[in-house]
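Engineer: Okay, here's what each chain looks like letter by letter:
There are 2 protein chains.
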Amino acid sequence: MNNKIYWMVSLMGMLAFGNGQSQSQVKEDFKPSEVNQPGKQFPQVNSEGRVRVQLEAPDAKYVKLDIGGVKYDLVKNEKGVWAGESAPQDEGFHYYQLNIDGASVPDPGTRYFYGAGRWGSGIEIPAHDQEFYALKDVPHGLVSEVNYHSEITGAWRRCFVYTPPCYNTSGEKRYPVLYLQHGSFEDETGWSAQGKASLILDNLIAEGKAQPMIIVMDNGYAIRPSGHVGMSQAPPAMVFEEVMINEIIPMIDRKFRTIKHRQSRAIAGLSMGANQTMRIIMNNLDTFAYYGGFSGTANYPSNAEIDAENFLNGAFRDGNNVNDQIKVFWLGVGTTEPEVFPQSINAFRRMLDKQGIQYHYYESPNTAHEWLTWRRSLYQFAQLLFH
Amino acid sequence: MNNKIYWMVSLMGMLAFGNGQSQSQVKEDFKPSEVNQPGKQFPQVNSEGRVRVQLEAPDAKYVKLDIGGVKYDLVKNEKGVWAGESAPQDEGFHYYQLNIDGASVPDPGTRYFYGAGRWGSGIEIPAHDQEFYALKDVPHGLVSEVNYHSEITGAWRRCFVYTPPCYNTSGEKRYPVLYLQHGSFEDETGWSAQGKASLILDNLIAEGKAQPMIIVMDNGYAIRPSGHVGMSQAPPAMVFEEVMINEIIPMIDRKFRTIKHRQSRAIAGLSMGANQTMRIIMNNLDTFAYYGGFSGTANYPSNAEIDAENFLNGAFRDGNNVNDQIKVFWLGVGTTEPEVFPQSINAFRRMLDKQGIQYHYYESPNTAHEWLTWRRSLYQFAQLLFH
Numbered sequence: 170m171n172n173k174i175y176w177m178v179s180l181m182g183m184l185a186f187g188n189g190q191s192q193s194q195v196k197e198d199f200k201p202s203e204v205n206q207p208g209k210q211f212p213q214v215n216s217e218g219r220v221r222v223q224l225e226a227p228d229a230k231y232v233k234l235d236i237g238g239v240k241y242d243l244v245k246n247e248k249g250v251w252a253g254e255s256a257p258q259d260e261g262f263h264y265y266q267l268n269i270d271g272a273s274v275p276d277p278g279t280r281y282f283y284g285a286g287r288w289g290s291g292i293e294i295p296a297h298d299q300e301f302y303a304l305k306d307v308p309h310g311l312v313s314e315v316n317y318h319s320e321i322t323g324a325w326r327r328c329f330v331y332t333p334p335c336y337n338t339s340g341e342k343r344y345p346v347l348y349l350q351h352g353s354f355e356d357e358t359g360w361s362a363q364g365k366a367s368l369i370l371d372n373l374i375a376e377g378k379a380q381p382m383i384i385v386m387d388n389g390y391a392i393r394p395s396g397h398v399g400m401s402q403a404p405p406a407m408v409f410e411e412v413m414i415n416e417i418i419p420m421i422d423r424k425f426r427t428i429k430h431r432q433s434r435a436i437a438g439l440s441m442g443a444n445q446t447m448r449i450i451m452n453n454l455d456t457f458a459y460y461g462g463f464s465g466t467a468n469y470p471s472n473a474e475i476d477a478e479n480f481l482n483g484a485f486r487d488g489n490n491v492n493d494q495i496k497v498f499w500l501g502v503g504t505t506e507p508e509v510f511p512q513s514i515n516a517f518r519r520m521l522d523k524q525g526i527q528y529h530y531y532e533s534p535n536t537a538h539e540w541l542t543w544r545r546s547l548y549q550f551a552q553l554l555f556h
Numbered sequence: 170m171n172n173k174i175y176w177m178v179s180l181m182g183m184l185a186f187g188n189g190q191s192q193s194q195v196k197e198d199f200k201p202s203e204v205n206q207p208g209k210q211f212p213q214v215n216s217e218g219r220v221r222v223q224l225e226a227p228d229a230k231y232v233k234l235d236i237g238g239v240k241y242d243l244v245k246n247e248k249g250v251w252a253g254e255s256a257p258q259d260e261g262f263h264y265y266q267l268n269i270d271g272a273s274v275p276d277p278g279t280r281y282f283y284g285a286g287r288w289g290s291g292i293e294i295p296a297h298d299q300e301f302y303a304l305k306d307v308p309h310g311l312v313s314e315v316n317y318h319s320e321i322t323g324a325w326r327r328c329f330v331y332t333p334p335c336y337n338t339s340g341e342k343r344y345p346v347l348y349l350q351h352g353s354f355e356d357e358t359g360w361s362a363q364g365k366a367s368l369i370l371d372n373l374i375a376e377g378k379a380q381p382m383i384i385v386m387d388n389g390y391a392i393r394p395s396g397h398v399g400m401s402q403a404p405p406a407m408v409f410e411e412v413m414i415n416e417i418i419p420m421i422d423r424k425f426r427t428i429k430h431r432q433s434r435a436i437a438g439l440s441m442g443a444n445q446t447m448r449i450i451m452n453n454l455d456t457f458a459y460y461g462g463f464s465g466t467a468n469y470p471s472n473a474e475i476d477a478e479n480f481l482n483g484a485f486r487d488g489n490n491v492n493d494q495i496k497v498f499w500l501g502v503g504t505t506e507p508e509v510f511p512q513s514i515n516a517f518r519r520m521l522d523k524q525g526i527q528y529h530y531y532e533s534p535n536t537a538h539e540w541l542t543w544r545r546s547l548y549q550f551a552q553l554l555f556h
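Here the protein sequences line up with chains D and P, keeping their order. Offset between the first sequence (1-based) and the working numbering: plus 169. Offset between the second sequence (1-based) and the working numbering: plus 169.
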């Protein structure tokens, strides 16, 4: 997968779906964003989904709000404080930044999230269906940080592991595991912070809608140390596959009370992670029995017809075998994503149909290539696992 | 405790110990800081402990590096990139920020840490004794994020819990617990991120120098919801004490395999946390048997002689009883801290001596009111616990 093309297309998509700078009749019901730093009043969000920022910069020539691929000029008051707002943004979570006289920096008002290849500001536009990932008075699982040394990459790696509410008080009971991957230019922190994976599962488990499960969120970037390359020019995805099968899963099976059986392992990912995890499951049907692809498939970014004889070394050639082996094959996408995503996913679906392979298909209404699409995808997918 | 005074004194201390702007003969052996974001080349640190930053801001009038209470002017090159370096900084971890035309913002090159009342940039000056908190190939424990609802504050609260390497594979075995608190304008993330508490314990346990233990790192700020004040004008420290005794400890005892006995509970804190935890242990000798005060005591900021008859309601009046009840009473301070810290700690020590109370006293060489002092304090203190 070519990350540069991926990212460019993604950015162009955001630009295409930007709402322009119509500032007329801004509704004055702004409230501090829920992901602000403690005590910070800005940024704020109004009921139209506009983002208002404020920054003290008395000697600046200009300050801009850079969100959704559009830069909005702020206006300075007599006290040297700049303020202004964006056009309405989609429901859900967005990365953004400020630009002060040409310097792109995080907004000092927000908490920070890793995405777009950097730790930077985020904002949450309250969604009409936000209850499914809200922090509620239900039993909560734990998210644990796990550091482990990887022989394959010659480096320390880190993952976050969700254990369900009952885990610590259920004695010797063992649990199934979902391996859940982030997208390009994100990392192992994404699913628990922006993705709200632990809250989504806590709520589903409390309502009896999902089986208690462990979720492992690792980092999809894995490169061999230079001078130590097993295969020449091995692409990062291939090395991550090796790390997943030979290091991550055995380490998790040692450290946690897992059920070590393919029927109790699922793997899913978003965007680049959907692509990676599809390759991993199809190459390791002895290891996993459930697949979730959120806004991505392994033919990305192509919309050409797929030749099932040769695609992924013929992994989909025998449709009956795929149906026998994979208990749930799940695909999802947002309805306002850049066209390259639905087009490549649709080409992939045509191949599945032709091969007679059963799958679930979900569309997230009015969301783009962003986290609300993936929160909803996890919410749908997790309910189908481990029955 | 008056946080405003506390913070002012702390800042004045930093100014008093700032090294001025001697830029002559900068040693050109700079390397990227170890807490940079992935792939970021700046900021850098050289062997003198100078910090060099770099920022693209083509239209800025000025950019400054703001570290250790001193603002250093950066210089712009023909490409619009500003660069410059600080005077040598102390070994260890420091918070800092950039100032662009009057706007104080995080450096987009670093990871972010919560301190000084905000999420902001940090830098690590490699310390000569850094091995004790290095990430090594030894068994590692887990740091788990725990969300819980507090009836006393009417809010969701969060703590991080370290479980030792053997915890997940030791069946029904139960462990002692250290409750470890941050300082003012910091939060529950401080001890595991800046404090390196989990790595310090992993290394100590691997060398057989500390007992395997659970560490609970909670947030020391706890305020009753307005309109629901039990005592009028209850100071935050008093409410935190209630939360600790009535909510945190029972919740930890439910969720983790703890030993529920005073001889298996320690409590310690840094600065404001030292003050808070001293009050908590002296009011709850039935709950804890070990105390650690890092750079703080409950008489802060006073250096006046302490009247043991009345101080903390006479908690130190009966020295023999204190000796019987508290198995380890531990105090530590950095040798270059602002005078108010050693002076108040020394006044407190004179009281202990007068009462015949046994205690351990440690001085961290050449460190100020910063995290290297507290990493070293934890390293010393943890070795004495639960024998």
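Wrong hints could be hidden among the right ones.
All copies of an identical chain are treated as equivalent in the list; a pair is satisfied when it fits inside any one copy or across any two copies.
Taking lysine-lysine and the DSS-like style, the derived pairs with C-alpha atoms no more than 25 Å apart in a straight line are [what the hints assert, rightly or not]:
(1) Lys305 <-> Lys424
(2) Lys233 <-> Lys248
(3) Lys342 <-> Lys233
(4) Lys342 <-> Lys196
(5) Lys248 <-> Lys342
(6) Lys378 <-> Lys248
(7) Lys496 <-> Lys233
(8) Lys233 <-> Lys200
(9) Lys523 <-> Lys429
(10) Lys429 <-> Lys305
(11) Lys496 <-> Lys240
(12) Lys523 <-> Lys200
(13) Lys429 <-> Lys200
(14) Lys209 <-> Lys496
(15) Lys378 <-> Lys305
(16) Lys233 <-> Lys245
(17) Lys209 <-> Lys233
(18) Lys378 <-> Lys196
(19) Lys378 <-> Lys240
(20) Lys523 <-> Lys245
(21) Lys230 <-> Lys240
(22) Lys496 <-> Lys230
(23) Lys424 <-> Lys342
(24) Lys209 <-> Lys523
If you are wondering where the hints come from, they were derived from the structure by calculation, not from laboratory data. What you are looking at is a predicted structure, and each value in this text was computed from that prediction instead of being measured.
Engineer: Each hint needs a verdict: does it hold in this structure or not?
Structural biologist: Structure-based check of all given hints:
When the C-alpha separation of Lys305 and Lys424 is checked against a cutoff of 25 Å, the pair qualifies only between copies, where the shortest distance is 18 Å, while the shortest distance within a copy is 29 Å. Both within a single protomer and between protomers do Lys233 and Lys248 lie at most 25 Å apart by alpha-carbon distance, with minima of 18 Å and 21 Å respectively. Proximity of Lys342 and Lys233 under a CA criterion of 25 Å is satisfied in neither setting, with 54 Å inside one chain copy and 56 Å between copies. In this assembly of identical chains, Lys342 and Lys196 lie within 25 Å of each other by CA distance neither inside one copy nor across copies; the values are 53 Å within and 58 Å between.
In this assembly of identical chains, the alpha carbons of Lys248 and Lys342 never lie at most 25 Å apart, being 62 Å within a copy and 61 Å across copies at closest. In this assembly of identical chains, Lys378 and Lys248 lie within 25 Å of each other by CA distance neither inside one copy nor across copies; the values are 53 Å within and 57 Å between. Proximity of Lys496 and Lys233 under a CA criterion of 25 Å is satisfied in neither setting, with 49 Å inside one chain copy and 58 Å between copies. Within a single copy, Lys233 and Lys200 get their C-alpha atoms as close as 20 Å, which meets the 25 Å cut-off; across copies the closest is 32 Å, which misses it.
For the identical chains of this complex, Lys523 and Lys429 are neighbours neither inside a copy (33 Å) nor across copies (62 Å), given an alpha-carbon limit of 25 Å. Proximity of Lys429 and Lys305 under a CA criterion of 25 Å is satisfied in neither setting, with 32 Å inside one chain copy and 28 Å between copies. With identical chains, the CA atoms of Lys496 and Lys240 are never at most 25 Å apart, being 46 Å at best within one copy and 61 Å at best between copies. Neither within a single protomer nor between protomers do Lys523 and Lys200 lie at most 25 Å apart by alpha-carbon distance, with minima of 51 Å and 56 Å respectively.
Taking the shortest Cα distances, Lys429 and Lys200 never come within 25 Å of each other, neither inside one copy (47 Å) nor across copies (44 Å). When the C-alpha separation of Lys209 and Lys496 is checked against a cutoff of 25 Å, the pair qualifies neither within a copy, at 47 Å, nor between copies, at 43 Å. For the homomeric pair Lys378 and Lys305, the shortest alpha-carbon distance inside one copy (16 Å) is at most 25 Å, but the shortest distance between copies (41 Å) is not. When the C-alpha separation of Lys233 and Lys245 is checked against a cutoff of 25 Å, the pair qualifies both within a copy, at 11 Å, and between copies, at 21 Å.
Taking identical chains as interchangeable, the C-alpha atoms of Lys209 and Lys233 lie at most 25 Å apart whether they share a chain (19 Å) or sit on different chains (24 Å). For the identical chains of this complex, Lys378 and Lys196 are neighbours neither inside a copy (38 Å) nor across copies (62 Å), given an alpha-carbon limit of 25 Å. Neither within a single protomer nor between protomers do Lys378 and Lys240 lie at most 25 Å apart by alpha-carbon distance, with minima of 42 Å and 56 Å respectively. For a Cα distance limit of 25 Å, the shortest separation of Lys523 from Lys245 qualifies neither inside one copy, at 60 Å, nor across copies, at 61 Å.
Proximity of Lys230 to Lys240 under the C-alpha cut-off of 25 Å is found in both arrangements, the shortest distances being 15 Å within a copy and 21 Å between copies. In this assembly of identical chains, the alpha carbons of Lys496 and Lys230 never lie at most 25 Å apart, being 59 Å within a copy and 62 Å across copies at closest. Both within a single protomer and between protomers do Lys424 and Lys342 lie at most 25 Å apart by alpha-carbon distance, with minima of 14 Å and 16 Å respectively. Taking the shortest alpha-carbon separations for Lys209 and Lys523, neither the intra-copy value of 55 Å nor the inter-copy value of 47 Å comes in at or below 25 Å.
Taken one by one, the earlier hints fail for this structure at numbers 3, 4, 5, 6, 7, 9, 10, 11, 12, 13, 14, 18, 19, 20, 22 and 24, listed in ascending order.
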